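Protein chains in written order, with the numbering used here: chain Y, 1 to 167; chain A, 1 to 215.
Just so you know, not all the hints are guaranteed correct.
[Stated by the list, open to error] Straight-line alpha carbon distances no greater than 30 Å define the calculated DSS-like cross-link-like pairs of lysine-lysine that follow:
(1) Lys56/Y to Lys31/A
(2) Lys18/A to Lys119/A
(3) Lys54/Y to Lys165/A
(4) Lys31/A to Lys14/A
(5) Lys165/A to Lys119/A
(6) Lys138/A to Lys165/A
(7) Lys31/A to Lys119/A
(8) Lys133/A to Lys73/A
(9) Lys14/A to Lys165/A
(10) Lys113/Y to Lys160/Y
(11) Lys14/A to Lys56/Y
(12) Lys18/A to Lys160/Y
(13) Lys113/Y to Lys138/A
(14) Lys31/A to Lys133/A
(15) Lys160/Y to Lys133/A
(16) Lys56/Y to Lys133/A
(17) Lys119/Y to Lys160/Y
(18) Lys56/Y to Lys18/A
(19) Lys73/A to Lys56/Y
(20) Lys14/A to Lys73/A
(21) Lys73/A to Lys138/A
(22) Lys18/A to Lys133/A
(23) Lys119/A to Lys54/Y
(24) Lys133/A to Lys119/A
(25) Lys165/A to Lys73/A
(26) Lys54/Y to Lys160/Y
(27) Lys138/A to Lys31/A
(28) Lys56/Y to Lys119/Y
Just so you know, these hints were derived from the structure itself, not from any lab. Just so you know, these numbers come straight off a predicted model, no measurement behind them.
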Amino acid sequence: MGVELDYAADLMNRIIDGIDGPRIGIHICRGNWSTREDVLLTGDYGPLLPALTKMKVRQFVLEYATPRAGEIKVVGEALSGSIPGTDIPRELGLGVVNPRTTEAETPEEIVDKTRLALKYYRPEQVFLNTDCGFGCFANRCVNVEEVATAKIRSIVETAKMLREEYS
Amino acid sequence: MFTTTQVGSWPRSKSMLKALRDYRLGRMNRKEFNTVADDEVRRTVRIQEDVGIDILVDGEHRRDNFYSFITDKVDGTRLMSLAEMLDEVEDRSGFEEMLDTLDVPASAIRNPTCVGRLKRREPLAVDDYLFVKTLTDKPVKITLPGPYLLSRSMWVTRYAGKVYKDQFDMGDDVVSILRSEIEELAQAGCEFVQFDEPVLTEIVMSQECGRRTFM
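Extracted from the complex, chain Y is given alone in its bound form (with noise of 0.2 Å):
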């Protein structure tokens, strides 16, 4: 399992290593295939940090309105910081609505999963994002349109609740 991981840091670092200019993130999630959340994979990512820390990434891009992601703590200790080798500092792509499910989630339900990242992170490192696509696999699209806008909606409401408490 280490050696793998080592060798996922690795190829991302050789690929990126040196590029100016876009933002450099990475998506990192257990699976979009079904709308069963049994049947997706369950765990946080502390295991994956040996492998995240090393990463030189902007921007982890993670899943965090599914519970079967565990809690942002275990992120927000350990990736807060700068890019290493850089003053540049980290970012997280709060993933705040799931993509599978057929209502959307409320403002009241992403402000109080964004604060808890804010324990970790300042506002200008917190991006507000879906926890992963609305169609991966585009004969398995995990939503409809319809659903999947009023998602981002609320995202765009929550965003602008927050800006005007914090700025």
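Keeping the supplied structure of chain Y fixed, place chain A upon it in accordance with the hints.
Showing chain A alone in chain Y's frame:
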């Protein structure tokens, strides 16, 4: 602060699904395919702009799935459904049982299998980026399959083993393909590149969950 964005893919419409299928089966040419896809991307961009998302995605409408699509762009690859791959796995009944348990439709999910020396015939996503930028002034996020996901999913010993010494040998070519891609995206002015590495969770969690997945 609190910049809003998405992870990448958007639900496909019926007409997009039909175009994907027709194009895959050679019943539709690339130009016709892109006409359909461009319309879908336009709608997806408009929805995000109406809602007020800060960093837009194109919805990955052109992609069969978030990693298999590279077979359209990279030489030495073949799009294979998991059902076709069943013949190649050592533990066929175990693999079938896993697909069933995980609610994975073997015929509907496809893999970019390495069948020859990998060469980036055309950009993976630079064109997608440039097209979205004709529709919006907002920053755009481009998603690419992560190198670890590719080095793992593309390797089927029976095919890849004829060309590459081992998975690491093939991995070197995966790195150079993605490196070229990100260099060109940077040159084009792309604001955000996201690598998707869902399979990382599998190596640490599948044992605890008592199963592996298909990627």
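Point to revise | Enumerated hints in conflict with the structure, sorted upward | key: Result: hints 1, 6, 9, 11, 12, 18 and 26 break, sorted rising.
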